[in-house]
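Knowing the structure of chain A, use the given hints to seat chain B on it.
Which chain is which? The protein sequence lines are A and B, in order. No gaps in the numbering here: position 166 of the first sequence is 166 in this note's numbering, and each next residue is one more. No gaps in the numbering here: position 47 of the second sequence is 47 in this note's numbering, and each next residue is one more.
Derived by calculation from the structure, the hints in this document are not laboratory data. These numbers were taken from a predicted model, which means no experiment stands behind them. Keep in mind that the hints are not guaranteed to be accurate.
As the list claims (entries may be wrong) - Dumping the calculated DSS-like pairs for lysine-lysine here, alpha-carbon to alpha-carbon at most 27 Å:
id: 1; chain 1: B; residue 1: LYS97; chain 2: A; residue 2: LYS39
id: 2; chain 1: A; residue 1: LYS169; chain 2: B; residue 2: LYS129
id: 3; chain 1: A; residue 1: LYS69; chain 2: B; residue 2: LYS6
id: 4; chain 1: A; residue 1: LYS99; chain 2: B; residue 2: LYS39
id: 5; chain 1: A; residue 1: LYS99; chain 2: B; residue 2: LYS57
id: 6; chain 1: A; residue 1: LYS39; chain 2: B; residue 2: LYS6
id: 7; chain 1: A; residue 1: LYS99; chain 2: B; residue 2: LYS67
id: 8; chain 1: B; residue 1: LYS46; chain 2: A; residue 2: LYS99
id: 9; chain 1: B; residue 1: LYS57; chain 2: A; residue 2: LYS64
id: 10; chain 1: A; residue 1: LYS124; chain 2: B; residue 2: LYS6
id: 11; chain 1: A; residue 1: LYS126; chain 2: B; residue 2: LYS46
id: 12; chain 1: A; residue 1: LYS99; chain 2: B; residue 2: LYS129
id: 13; chain 1: B; residue 1: LYS112; chain 2: A; residue 2: LYS39
id: 14; chain 1: A; residue 1: LYS124; chain 2: B; residue 2: LYS181
To be verified - Here's a subset of chain B near chain A, in silico, CB distances under 8 Å, partners left out:
id: 15; residue: ILE5
id: 16; residue: PRO10
id: 17; residue: VAL16
id: 18; residue: TYR26
id: 19; residue: VAL32
id: 20; residue: GLN155
id: 21; residue: GLY159
id: 22; residue: THR161
id: 23; residue: TYR162
id: 24; residue: ARG165
C-beta: ideal position from N, C-alpha, C; glycine also.
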Amino acid sequence: MSNDVSLGRLFKNGVFGENPVFRLALSLCPAVAVTSGVKNGFLMGVAVLFVMTMTNVTVSLLRKFINPKVRIPSYVFITATWVTVIDQVMSAYQRAVYKEMGLYIMLIVAFAIILSRAEMFASKNKLVPSFVDGVGMGVGFLLALMLLGVFREFLGKGSLWGAQILPAKPLLIMIMPTGGFFAMGLMMGWLNWIDRKFFGGTGGGGGGHH
Amino acid sequence: MKDMIKITLPLVAIFVVAGVIMSMTYQRTYPVRFQAEKKEKEEALKEMAPEATDPIKPAGTWTINNKPYEYYQATAGGRPVASIAETAGKGYSSFIKMLVSLGPDMKIRDVKVLDMNETPGLGDQVLEKSFLDQFKGKALSQIVLIKGETKENIQAVSGATYSSRGVTNGVKDAVQMLVDKYGAGIKVATQGVTK
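Bound conformation, chain A alone (with noise of 0.2 Å):
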């Protein structure tokens, strides 16, 4: 992860490479809590998504100027700062959007993924590798939290963004948190076989944080 990788792989690294939730396995807990459903994963990922990149992008213009003895405080109020500020603009001009995903956003100053890339990137790198870096691993968080929500949806409700496409309800449980370790787990194996099979991947997880 040195400044010599081009962006674009930088990008797909979040995405593929080290995918937040399948494969650096960090955040787990929201991927679980939301994902009973496609739009709750939808919206958190994009909130996500947009605190990521802030986040990466202010500790990358700071990181001369924070104390490494200090540096997780900093980094943790860096990410409360940016969730507090977007809470308050998006209650005052998007009320709609608020409506919806207002729920989510003040959970995000926890997120051990956030904190996790100021620290093994945006605090090491420049400005533009961090921002594109945000990027990447928001939008790969996002794609897991929809992969995640299609599969626990459609099997828990027999629906897909509410909309009812089973009559019946296939797999209750799947919508219970215990479903989102199931659906967790049969997805980082499966993703994990296409990658050996298919791509000559040595697959693999990451190890195991909140």
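Chain B only, in chain A's frame:
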């Protein structure tokens, strides 16, 4: 000592700048937000009693869950058409704030959720029409939450029992209060349907 300052100063600087940014945003957005919320509330009240021709005015406040809420009388040409109460019930992870309107016959006309923080995908199913519409036309004695099929009472959303209970309790308390205040003439009738 020098080290301490070197570590603390940048951190404090970040906190101060962040604080300034946040308070500036708040100052700019608060009036807009306040206006928007006021307008939304007026619109919500109007929705609860569409045939009211006079402006819906607060009739007083009542207390539930140790918090004051307002109640309103909607009139058309001076004649009361509906009583509306703001109320709240404790759900799974939040207080579910609602508006409840009663017709002159003290039966529920409409229930509208204003604000809540229930689990997305589970608890927020209580927002669905199929759940909220159950309250329409029900009298006080019928507002009982039941886990299972029911037409007489209120059927809980499966997977969202706590949230369903929150809504039901909030509505029930509001109806009780409004019946105590305005329902003197028809009390006997509401008790008549007790099951």
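Now the hints, each set against the structure:
For a cut-off of 27 Å, the pair hint linking LYS97 of chain B to LYS39 of chain A stands: about 23 Å separates their Cα positions. Only pairs whose Cα atoms come within 27 Å are accepted, and LYS169 of chain A paired with LYS129 of chain B is accepted, the gap being roughly 18 Å. For the hint linking LYS69 of chain A to LYS6 of chain B, the alpha-carbon distance of about 10 Å falls within 27 Å, and the restraint holds. This hinted pair checks out: LYS99 of chain A and LYS39 of chain B have alpha carbons roughly 15 Å apart, not beyond 27 Å.
Proximity of LYS99 of chain A to LYS57 of chain B is assessed by CA-CA distance (about 26 Å); at most 27 Å being required, the pair is judged to hold. Using a Cα cut-off of 27 Å, the hinted pair LYS39 of chain A and LYS6 of chain B is violated, with the two alpha carbons roughly 46 Å apart. Only pairs whose Cα atoms come within 27 Å are accepted, and LYS99 of chain A paired with LYS67 of chain B is accepted, the gap being roughly 23 Å. Among the hinted pairs, LYS46 of chain B with LYS99 of chain A is consistent with the structure: their alpha-carbon atoms are about 20 Å apart, no more than 27 Å.
Proposed proximity of LYS57 of chain B and LYS64 of chain A is contradicted: the alpha carbons are some 58 Å apart, above 27 Å. This hinted pair checks out: LYS124 of chain A and LYS6 of chain B have alpha carbons roughly 20 Å apart, not beyond 27 Å. Distance hint between LYS126 of chain A and LYS46 of chain B is unfulfilled; the C-alpha atoms sit about 54 Å from each other, more than 27 Å. Among the hinted pairs, LYS99 of chain A with LYS129 of chain B is consistent with the structure: their alpha-carbon atoms are about 17 Å apart, no more than 27 Å.
Taking the CA atoms of LYS112 of chain B and LYS39 of chain A, the gap is near 22 Å; set against the 27 Å cutoff, the hint holds. Distance check on the hinted pair: LYS124 of chain A and LYS181 of chain B sit about 66 Å apart at the alpha-carbon level, beyond 27 Å; violated. For ILE5 of chain B, the interface hint is violated, since its Cβ never comes within 8 Å of a Cβ in chain A; the closest pair sits about 11 Å apart. Of the supplied interface hints, the one on PRO10 of chain B holds, with its beta-carbon coming within about 5 Å of a beta-carbon of chain A, less than 8 Å.
Below 8 Å, beta-carbon pairs count as interface contacts, and VAL16 of chain B has none with chain A, the closest being about 11 Å; its hint is therefore violated. Because the smallest distance between the Cβ of TYR26 of chain B and any Cβ of chain A comes to about 6 Å, under 8 Å, the interface hint for this residue holds. Interface restraint check for VAL32 of chain B: the shortest CB-CB distance to chain A comes to about 4 Å, inside 8 Å, so the restraint holds. Annotation: GLN155 of chain B was flagged as interfacial toward chain A, and the flag is violated, the nearest CB pair being 16 Å apart, outside 8 Å.
Below 8 Å, beta-carbon pairs count as interface contacts, and GLY159 of chain B has one with chain A at about 7 Å; its hint therefore holds. For THR161 of chain B, the suggested interface contact is broken, since its CB lies about 13 Å from the closest CB of chain A, more than 8 Å. For the restraint placing TYR162 of chain B at the interface with chain A, the shortest Cβ-Cβ distance is roughly 14 Å, beyond the 8 Å limit, so the hint is violated. Nearest Cβ of chain A to the Cβ of ARG165 of chain B: about 18 Å, over the 8 Å cut. The hint is violated.
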